[in-house]
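Novice: Sequence:
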Amino acid sequence: MESHIVKVLSVTPVTHNVRRYKVEKPEGYAFVPGQATEVAVNKPGWEDERRPFTFTGLNEWDHLEFTIKSYPDHHSVTDLLGHIQPGDSLILHDVWGAIQYKGEGVFIAGGAGVTPFIAIFRDLQRKGQLGNNKLIFSNRTYADIILKDEFEEMLGNNFINTITREEVPGYEHHIVDEAYLKRKISDFNQHFYICGPDLMVQQLKEVLEKLSGKADLVTVEI
Numbered sequence: 001m002e003s004h005i006v007k008v009l010s011v012t013p014v015t016h017n018v019r020r021y022k023v024e025k026p027e028g029y030a031f032v033p034g035q036a037t038e039v040a041v042n043k044p045g046w047e048d049e050r051r052p053f054t055f056t057g058l059n060e061w062d063h064l065e066f067t068i069k070s071y072p073d074h075h076s077v078t079d080l081l082g083h084i085q086p087g088d089s090l091i092l093h094d095v096w097g098a099i100q101y102k103g104e105g106v107f108i109a110g111g112a113g114v115t116p117f118i119a120i121f122r123d124l125q126r127k128g129q130l131g132n133n134k135l136i137f138s139n140r141t142y143a144d145i146i147l148k149d150e151f152e153e154m155l156g157n158n159f160i161n162t163i164t165r166e167e168v169p170g171y172e173h174h175i176v177d178e179a180y181l182k183r184k185i186s187d188f189n190q191h192f193y194i195c196g197p198d199l200m201v202q203q204l205k206e207v208l209e210k211l212s213g214k215a216d217l218v219t220v221e222i
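For the sequence shown, UniProt numbering gives the first residue as 1, with consecutive numbering after it.
Each statement offered as a hint is correct.
Listed next, with one range per pair, are the computed distances between beta-carbon atoms:
hint, residue 1, residue 2, range
1, ASP48, GLN203, 30 to 38 Å
2, ARG183, HIS83, 38 to 46 Å
3, GLN202, HIS174, 14 to 22 Å
Keep in mind the hints are simulated off the structure, nothing from the lab. Even glycine gets a Cβ: it sits at the ideal position worked out from N, Cα and C.
Produce the entire structure from the sequences given, and follow the hints as far as they go.
Specialist: See below:
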């Protein structure tokens, strides 16, 4: 199994608890939008503590990018990453398949589950192929919305937000369930991509397989 030690080039805030990590790209390292790798922090005692993170940059870039939510209440890799500084290093492993684009459809994300979709949408925009793809993005609070401005610019009215823990003027206040999907989607004969908390993914996978009548139209993170 391959591994690479890469230097962190920059760390910038995205939201109150999400950061963008720009890191060195090993020579010959390649991935497809939506894919991920296991990452460890190159510090004593943490080298074998791997966690999966999706690439949020594009393969054509000269560096790698990760967009990662930190959980300070956990003594974990994500908490440690919240304290990483430029010049520190990470350990990357093999690239593996997560969610890959199969065709135009509806993307449904819960919180940090949006990260596999970032590179997919950026890649489609680069190719001029965003088409009528939609993103339904569920977050607990307005402050949790990752890359709000970029998604609005890319998708316009096809960027649909719902906030579950607070009411915000101009934003939906509803969980993503069967009733909500029926209100937002008129045609279920299209691709669906789901990523988020495990329970949300499982429930929506079952709902969409029923509504579409075709299990192969529903893609979830693997």
